[in-house]
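Enquirer: Spelled out, the chains give:
Number of protein chains: 6
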Amino acid sequence: MAHAQFFEEYEPGSGRKTIGRTITESDIVLHAGQTGDFYPHHMDAEWCKTQPFGQRIAHGTLIFSIGVGLTASAINPHAMSYGYDRLRFVKPVFIGDTIHTLVTVKEKRRDPRRPSHGIVVEMYEVRNQHDETVLVCEHLLLVEYGRLKSAADSSPQ
Amino acid sequence: MAHAQFFEEYEPGSGRKTIGRTITESDIVLHAGQTGDFYPHHMDAEWCKTQPFGQRIAHGTLIFSIGVGLTASAINPHAMSYGYDRLRFVKPVFIGDTIHTLVTVKEKRRDPRRPSHGIVVEMYEVRNQHDETVLVCEHLLLVEYGRLKSAADSSPQ
Amino acid sequence: MAHAQFFEEYEPGSGRKTIGRTITESDIVLHAGQTGDFYPHHMDAEWCKTQPFGQRIAHGTLIFSIGVGLTASAINPHAMSYGYDRLRFVKPVFIGDTIHTLVTVKEKRRDPRRPSHGIVVEMYEVRNQHDETVLVCEHLLLVEYGRLKSAADSSPQ
Amino acid sequence: MAHAQFFEEYEPGSGRKTIGRTITESDIVLHAGQTGDFYPHHMDAEWCKTQPFGQRIAHGTLIFSIGVGLTASAINPHAMSYGYDRLRFVKPVFIGDTIHTLVTVKEKRRDPRRPSHGIVVEMYEVRNQHDETVLVCEHLLLVEYGRLKSAADSSPQ
Amino acid sequence: MAHAQFFEEYEPGSGRKTIGRTITESDIVLHAGQTGDFYPHHMDAEWCKTQPFGQRIAHGTLIFSIGVGLTASAINPHAMSYGYDRLRFVKPVFIGDTIHTLVTVKEKRRDPRRPSHGIVVEMYEVRNQHDETVLVCEHLLLVEYGRLKSAADSSPQ
Amino acid sequence: MAHAQFFEEYEPGSGRKTIGRTITESDIVLHAGQTGDFYPHHMDAEWCKTQPFGQRIAHGTLIFSIGVGLTASAINPHAMSYGYDRLRFVKPVFIGDTIHTLVTVKEKRRDPRRPSHGIVVEMYEVRNQHDETVLVCEHLLLVEYGRLKSAADSSPQ
Numbered sequence: 393m394a395h396a397q398f399f400e401e402y403e404p405g406s407g408r409k410t411i412g413r414t415i416t417e418s419d420i421v422l423h424a425g426q427t428g429d430f431y432p433h434h435m436d437a438e439w440c441k442t443q444p445f446g447q448r449i450a451h452g453t454l455i456f457s458i459g460v461g462l463t464a465s466a467i468n469p470h471a472m473s474y475g476y477d478r479l480r481f482v483k484p485v486f487i488g489d490t491i492h493t494l495v496t497v498k499e500k501r502r503d504p505r506r507p508s509h510g511i512v513v514e515m516y517e518v519r520n521q522h523d524e525t526v527l528v529c530e531h532l533l534l535v536e537y538g539r540l541k542s543a544a545d546s547s548p549q
Numbered sequence: 393m394a395h396a397q398f399f400e401e402y403e404p405g406s407g408r409k410t411i412g413r414t415i416t417e418s419d420i421v422l423h424a425g426q427t428g429d430f431y432p433h434h435m436d437a438e439w440c441k442t443q444p445f446g447q448r449i450a451h452g453t454l455i456f457s458i459g460v461g462l463t464a465s466a467i468n469p470h471a472m473s474y475g476y477d478r479l480r481f482v483k484p485v486f487i488g489d490t491i492h493t494l495v496t497v498k499e500k501r502r503d504p505r506r507p508s509h510g511i512v513v514e515m516y517e518v519r520n521q522h523d524e525t526v527l528v529c530e531h532l533l534l535v536e537y538g539r540l541k542s543a544a545d546s547s548p549q
Numbered sequence: 393m394a395h396a397q398f399f400e401e402y403e404p405g406s407g408r409k410t411i412g413r414t415i416t417e418s419d420i421v422l423h424a425g426q427t428g429d430f431y432p433h434h435m436d437a438e439w440c441k442t443q444p445f446g447q448r449i450a451h452g453t454l455i456f457s458i459g460v461g462l463t464a465s466a467i468n469p470h471a472m473s474y475g476y477d478r479l480r481f482v483k484p485v486f487i488g489d490t491i492h493t494l495v496t497v498k499e500k501r502r503d504p505r506r507p508s509h510g511i512v513v514e515m516y517e518v519r520n521q522h523d524e525t526v527l528v529c530e531h532l533l534l535v536e537y538g539r540l541k542s543a544a545d546s547s548p549q
Numbered sequence: 393m394a395h396a397q398f399f400e401e402y403e404p405g406s407g408r409k410t411i412g413r414t415i416t417e418s419d420i421v422l423h424a425g426q427t428g429d430f431y432p433h434h435m436d437a438e439w440c441k442t443q444p445f446g447q448r449i450a451h452g453t454l455i456f457s458i459g460v461g462l463t464a465s466a467i468n469p470h471a472m473s474y475g476y477d478r479l480r481f482v483k484p485v486f487i488g489d490t491i492h493t494l495v496t497v498k499e500k501r502r503d504p505r506r507p508s509h510g511i512v513v514e515m516y517e518v519r520n521q522h523d524e525t526v527l528v529c530e531h532l533l534l535v536e537y538g539r540l541k542s543a544a545d546s547s548p549q
Numbered sequence: 393m394a395h396a397q398f399f400e401e402y403e404p405g406s407g408r409k410t411i412g413r414t415i416t417e418s419d420i421v422l423h424a425g426q427t428g429d430f431y432p433h434h435m436d437a438e439w440c441k442t443q444p445f446g447q448r449i450a451h452g453t454l455i456f457s458i459g460v461g462l463t464a465s466a467i468n469p470h471a472m473s474y475g476y477d478r479l480r481f482v483k484p485v486f487i488g489d490t491i492h493t494l495v496t497v498k499e500k501r502r503d504p505r506r507p508s509h510g511i512v513v514e515m516y517e518v519r520n521q522h523d524e525t526v527l528v529c530e531h532l533l534l535v536e537y538g539r540l541k542s543a544a545d546s547s548p549q
Numbered sequence: 393m394a395h396a397q398f399f400e401e402y403e404p405g406s407g408r409k410t411i412g413r414t415i416t417e418s419d420i421v422l423h424a425g426q427t428g429d430f431y432p433h434h435m436d437a438e439w440c441k442t443q444p445f446g447q448r449i450a451h452g453t454l455i456f457s458i459g460v461g462l463t464a465s466a467i468n469p470h471a472m473s474y475g476y477d478r479l480r481f482v483k484p485v486f487i488g489d490t491i492h493t494l495v496t497v498k499e500k501r502r503d504p505r506r507p508s509h510g511i512v513v514e515m516y517e518v519r520n521q522h523d524e525t526v527l528v529c530e531h532l533l534l535v536e537y538g539r540l541k542s543a544a545d546s547s548p549q
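Chains H, D, A, S, E and P, in that order, are what the protein sequence lines are. Just so it is clear: in the first sequence, position 63 is 455 by the working numbering, and no numbers are missing. Just so it is clear: in the second sequence, position 106 is 498 by the working numbering, and no numbers are missing. Just so it is clear: in the third sequence, position 24 is 416 by the working numbering, and no numbers are missing. Just so it is clear: in the fourth sequence, position 17 is 409 by the working numbering, and no numbers are missing. Just so it is clear: in the fifth sequence, position 64 is 456 by the working numbering, and no numbers are missing. Just so it is clear: in the sixth sequence, position 32 is 424 by the working numbering, and no numbers are missing.
The hints are simulated quantities; they were obtained by calculation from the structure and are not laboratory data. Treat the hints with caution; some may be incorrect.
No copy labels: a pair is met if it fits in one copy or bridges any two.
Straight line, CA to CA, 30 Å or less: simulated DSS-like cross-link-like pairs of lysine-lysine [to be verified]:
| id | residue 1 | residue 2 |
| --- | --- | --- |
| 1 | Lys409 | Lys498 |
| 2 | Lys500 | Lys409 |
| 3 | Lys483 | Lys498 |
| 4 | Lys441 | Lys409 |
Bear in mind the structure is a predicted one, so any value in this text is a computation, not a measurement.
Turn these sequences into a full structure, and let the hints steer you where they fit.
Expert: Have a look at this one:
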């Protein structure tokens, strides 16, 4: 389950696609329970019938949490997530929709405050079963440089 | 539970503080179960003892979801959340920490694509029991203008 | 989220209506899991087909818990719940039904044992999407008198 | 798991004691999630330290639901629960307390509206590990008369 | 809820049938969350449409856990479960299927390592609403001999 | 997340070790809720104090489900689980213990009923933080032969 990768090894443009996950009524009920957000958009099927979208929609934080969680299949011990930029809820997700996440290395840059690490920006696109994008965000990763690590590894202890 | 507010009524600099919530081991277990992120940082107390932080830490998406959920006490029917910017995980949250969210209206701007709505940027700061900031982000709200609404309300149907 | 109210401020006949909540199969499964009540009325769809109601019904304690929970939107720091009277399960609630609670101040009386507090009786009516009453009960609140509180507040410390 | 009992067979004064159950932090977190009641009395350990009880307390509806659930070990096909009277929260229940329920047949009476059934009133006392009563209520059961049933059973079909 | 039974009292060939339980989408979501098994067979309705079984199937460990759990209605203080043999997943269980468990005493034998106990082998068959067997296993119970117990009970303390 | 492997590629004696997972009170509460097994061994801390093991222990089916779930990190599209043999609960698992699973290919054999598949027997050993074995079982996998598959792949369509 570990997949070690140094900063130098991230290639802009490369990517991967996660497995899929059907968003169920249970997920919405559990997320309301976890967050305390019981807004009628998520929890009141009758009220939703009177709204433009016509049915209950998943919480934005649920789709974000699951969309990110889907990418958590391999741990990179040299990387640390430190934030997200430009998180947008592009389309609603309904009960029964199936989502997956596309991860693409968007860019790499130096970390101005840490010479030992670089910043990798991964583009996350969460898509539904119609291949429509429902959520996007940029994931910021702090990743160790391999040359320093290698140097350290070969130094006498 | 509804608190109607038009774009004109948001005042930059004004703010509110939510109630608090203790982050429990249950929250982490449930969030791992919801997202599928069972990384040892959250789920393996033995491994965590060997790490700099020394104990299990809450998922970033959990603190984001609860931090946002804490603000969900009053629905504004004229507003719609459409995203977040500059989400950063500033400090780890441990089992037993108690967090609350500070919401401050940071700025207001026109929506270039929609004359009927403006954009309100709310600053969210999630703090722990030592009043240390653990997570920050900017919440983007699309809010209806009242003058248009009022005009529409007074027009003959 | 706090809404301070002294005994004197409760007005018999006044009331409020909560937001709605759709009762899902998940709620029943989670409530069975929380309480240990796995009776076939709630958990065995096949057996239920052979019964007069024809389908699974929600636990009485679930509808009571959610019906009461829906009223928990504003904390009154001067009040304390101490019990319920005449709790009745009037009609079954099925999976997919949407309930809300009507709260009405039914009566106020002195607390014979505590001169500083009075008893407020709130009528709770839980209704479904057809506006049929499914559960009723009387909620007993112990509420502080404002005059005493005010007197205490103005006294030298 | 079935224990058939007709109205005639309930003996006032007879009783039983359920198995015990430790109330955990998880139970409180799950009940908050199920009901939407995230009041700081249950969810904010820091705030609770400043209160007379000094720590988080279980929701009243949680103790009621579990206290009742503990009695659900044997289904009586001739009985139907239709309500509760005089439900009182006598003492707070803290995380780690272990409760059980004492069930005693308190009284029996005719159902004025139904000649085929009688009303059995069971006293429920929920007690903690110090044998202190934490919750009481009277459970109202509608129970079929056996003589009528027996007559029906022996009649030609 | 206790049903004491010594080794001598188990009769090969005798059996019982548990109550039924409908397997819901919630059960699968919760079990994935508990175990971390988010394989598309259980969680991706779209992918399942492309497979021979055409729809999501319950985890084998879920059906085993619930099938065993259904038998847990009466505690025998003289018995201890120490394992299972020949656990087989005979047919898939789909969302909405209702299962129950048939327990039959298959055989009894001496425990070569413990003169005070014997081994009882119970056959568990989990069946669905069409009375098709979906899972089988043999449950191994270590059960105390009554004669020894009785002798001990009558000995001076 | 997919790791395709044909029957020929399984090597007896080879193995892997999963990541670890701390068993929490939440896991036990959730498993009781999922299975309906609320036996005092798992749920009554007070009663457990009077027993030889002195504290609550995890359900056998919980440790089996999580122990198996830990191995579910890579899907082999050519393999199908069809059962388990010799499942034994070797030692109790307590709240706070951290478990992982060792998977070793124990043996391979022909499937007498299916020429296209062979049977792979994997030994699962679930160990705690003291490297003590708490549960063992043999996992039976039905795995496709690669030569047949390869032949099929190269045949004209």
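Enquirer: Treating 30 Å as the Cα threshold, decide for Lys500 and Lys409: within, between, both or neither.
Expert: Only inside one copy: Lys500 and Lys409 sit 20 Å apart there, 33 Å across copies, limit 30 Å.
Enquirer: When no copy is specified for Lys409 and Lys498, does a C-alpha distance of 30 Å or less occur within a copy, between copies, both, or neither?
Expert: within (15 Å within a copy, 33 Å between copies)
Enquirer: 30 Å Cα cut-off: does Lys441 pair with Lys409 within a copy, between copies, both or neither?
Expert: Result: close only across copies, 19 Å inter versus 34 Å intra.
Enquirer: Go through the copies and call it for Lys483 and Lys498: within, between, both or neither, with a Cα cutoff of 30 Å.
Expert: Both: 22 Å inside a copy, 26 Å across copies.
Of the numbered hints listed earlier, not one is contradicted by the structure.
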